[in-house]
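Residue numbers (the working numbering), protein chains in the order written: chain V, 1 to 179; chain G, 180 to 326.
Simulated from the structure, these hints should not be mistaken for laboratory data. Don't be surprised by glycine CBs; every beta carbon is placed ideally from N, CA and C.
Simulated restraints on C-beta separations:
id, chain 1, residue 1, chain 2, residue 2, range
1, V, P173, G, N206, 31 to 39 Å
2, V, A111, G, E257, 33 to 41 Å
3, V, L110, G, F288, 47 to 55 Å
4, V, L110, G, R291, 52 to 60 Å
5, V, F113, G, D272, 38 to 46 Å
6, V, T105, G, P222, 53 to 61 Å
7, V, T114, G, T218, 57 to 65 Å
What follows is the residue order along each chain.
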Amino acid sequence: MKTFEEKWTAWVDGRLNEAERTEFEASLQDRAVAEAEKRQTLKLGALLKEQLQPRPMGNEEFFHHQLLARIEAESGEPAAASTTTAGVLAQARESWWTIRRLLWTGATSLAVFTVCAWFVMREKPAPDQSQYLTQILNAKVDPNVSPYATVSIFQTNQDRVTVLWVDGLKSLPPEYAAK
Amino acid sequence: MRLRLLVALLALSSPLLPGAPARAGENVWSGLVVATNVTNPKPPPPPMHRLTRTLEHTFGYNQFELIGQSRKTLESGEENWLAASKHFSLHVDAQGAMPDGYRLKLELFQDREILLETDATLSKSSPLVIKGPQIGSGQLLLLLVVQ
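Looking at chain V on its own, in the form it has when it is part of the complex (with noise of 0.2 Å):
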């Protein structure tokens, strides 16, 4: 058998049955007065529910760090000694590298790069032409085959073309002129 105070607060919340709540509701000696005050406790209970929600934490990872910071001061030894502050401690490292430092990590570093890089190839010397051409560092024609052959080097301006020029060399008639 419920008491009385058990069938308000169920139909307060309204889990009483059909049944039940016809049974209750005729068993109020004042319906509108009982209404009213139905209505007052459920706004009264939306508002604390409002209210007493825990207040997010701005910087959860900085509290962290100054909280453990504090222990190892106040404690005089390191925080490693106790397992479970080492173990705190492993996380709070841990943790410090998230993806998104990590990612800022290694763009600000490589924009550090890149702007040393420039300076140093931006210093550097313009190279020297003949680098990008075709250098000839030998040439060697048989002096028994060609006694009179000499060889000279040179570049077009046009096409950066390097021609081995080779004079002296036997003529041959045209039939070596074959595929």
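With the hints as your guide, set chain G onto chain V.
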């Protein structure tokens, strides 16, 4: 996950590093060409198109006929190959990739007789032309181009 991110960042930065050697997979075209002067010159073969004016101006001929050629894709930069015609052959021995091309040892043979030996660094941006022996009223030219 974080290691992968670091590797990705390093990979992104690698193209910025200077001094990368010539890329593998580049083609080196070698051609044996007979240059002549004729009334109605034939058009040069496609690999020579961009060099024709320079060759005309440098050697004084108006027709360039290909009598032998070879196109080699360099993977390690240490391959060797032969471009040959009936009487001439050009043996090319690549001896490594340079910052802007390849180190080559070249040997020109007439039948079995060696006419010329040379060592060169062939640049990607600079073709090599070798003036060979006179053939009839024309001239043998050897061409090497990184494509």
